[in-house]
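**Student:** Residue numbers (the working numbering), protein chains in the order written: chain D, 1 to 188; chain R, 1001 to 1188.
Wrong hints could be hidden among the right ones.
Derived CB-CB ranges, DEER-like [said to hold, decoys possible]:
hint : chain 1 : residue 1 : chain 2 : residue 2 : range
1    : D       : Pro49     : R       : Leu1074   : 43 to 53 Å
2    : R       : Thr1029   : D       : Met63     : 47 to 57 Å
3    : R       : Ala1077   : D       : Ala27     : 26 to 36 Å
4    : D       : Ala77     : R       : Asp1097   : 23 to 33 Å
5    : D       : Ala85     : R       : Arg1119   : 22 to 32 Å
6    : R       : Asp1097   : D       : Glu35     : 50 to 60 Å
7    : D       : Gly137    : R       : Arg1092   : 24 to 34 Å
8    : D       : Glu110    : R       : Met1063   : 19 to 29 Å
9    : R       : Glu1035   : D       : Arg42     : 37 to 47 Å
10   : D       : Val81     : R       : Arg1119   : 23 to 33 Å
11   : R       : Arg1119   : D       : Ser140    : 27 to 37 Å
I should point out that these hints are in silico values taken from the structure, not numbers from a laboratory. All values derive from a computational prediction rather than experimental measurement. Virtual Cβ for every residue (Gly too), placed ideally from N, Cα, C.
Listed below, chain by chain, are the residues.
Protein chains: 2
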Amino acid sequence: MPRWSPNGRDRLVDAAMELFRERGYEAVTVNDIAEQAGLTRRSYFRHFPDKREVLFPDTSQHMAAITKEVAEHLPDAPARVAVMATLTQVGRFLLRDVDAQTRRQDLIDESPELQERERSKLAEMAAAIKTGLTRRGLNSIEAHTCAVVSVEVFRSAYLQAIRSHNSATFDAELNASLMTVSRFVADA
Amino acid sequence: MPRWSPNGRDRLVDAAMELFRERGYEAVTVNDIAEQAGLTRRSYFRHFPDKREVLFPDTSQHMAAITKEVAEHLPDAPARVAVMATLTQVGRFLLRDVDAQTRRQDLIDESPELQERERSKLAEMAAAIKTGLTRRGLNSIEAHTCAVVSVEVFRSAYLQAIRSHNSATFDAELNASLMTVSRFVADA
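Excised from the complex, chain D in its bound form (with noise of 0.2 Å):
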């Protein structure tokens, strides 16, 4: 039985996670998630649209978070300072139980549907940045490609901090992505 949990949402997405890493990915269903949680495949589908979405938390909030910082953040400061320093929180929020984004990852890494709905994920993050960056004097075609590379800065960082078991080492991780990036297109 899944440990008790107030929340529905809660209690599917510890029951998926404990499905995916016995039985696979691929071999769980909705209805073996929603049973295993003790609950209907229909409240399952009134939190999730479907079996891959339950690996993602609900954004739908952070991202407006998201834009808020990224606009807001030391206005005066350069655009990369607020983005970076948006981008630390994210990572620390993330990467509280850093063991559960870990199996969350490999699950991931072994399934290119899932790898999909992560990219569309990770689109909808640089969405949310692009605009915060618009907000703050880019125009649109240059908040668009410093919202992707803030991103990928992003993924790359938090990636290292799961593979190292670490989330201590993010911060860091984070600088030495850009400063990768820096490297690669200097003296432009």
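Given chain D's structure and the hints, the job is docking chain R onto it.
**Tutor:** For chain R alone, coordinates are given in the frame of chain D:
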């Protein structure tokens, strides 16, 4: 009737573009495309795995060429120089018929389904560049990040050239896009 074409694949692409423009992407079926091209549904699926793919060029051979060019172009120059030279060639190749590319991009811009496929194609291109960069001596993590940044620089320049209906601006747009990244990450 579609204009005569010696090649089934080209006939299907032309037929699809014509029907998508008339009726919109969603309303057209694979059967419609095959019929318009004077071919069978079965021969459609010999060329393309699904409806989306008819809008994307067959890039399997190009990817190997991209890897090789990134790995081998001016081996003593900075990696960025090799990537930019490679992207310039890819852009010139794709933009040899800028009007067709504009119509294609208009369809993609209207369909989340096509945008998802486009993201997958850009991820393939990033993987090809990444492999080339590792052959130049970058580690896997750095190579991944630099490849994603490169693809974004490319995508931005390509869209700008399409929107201005002028393939001649591509090289300048490519440099401008790289400069945007450079300014963003400066004094990191």
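**Student:** In ascending order, which of the hints set out earlier in this document are inconsistent with the structure?
**Tutor:** 2, 3, 4 and 11
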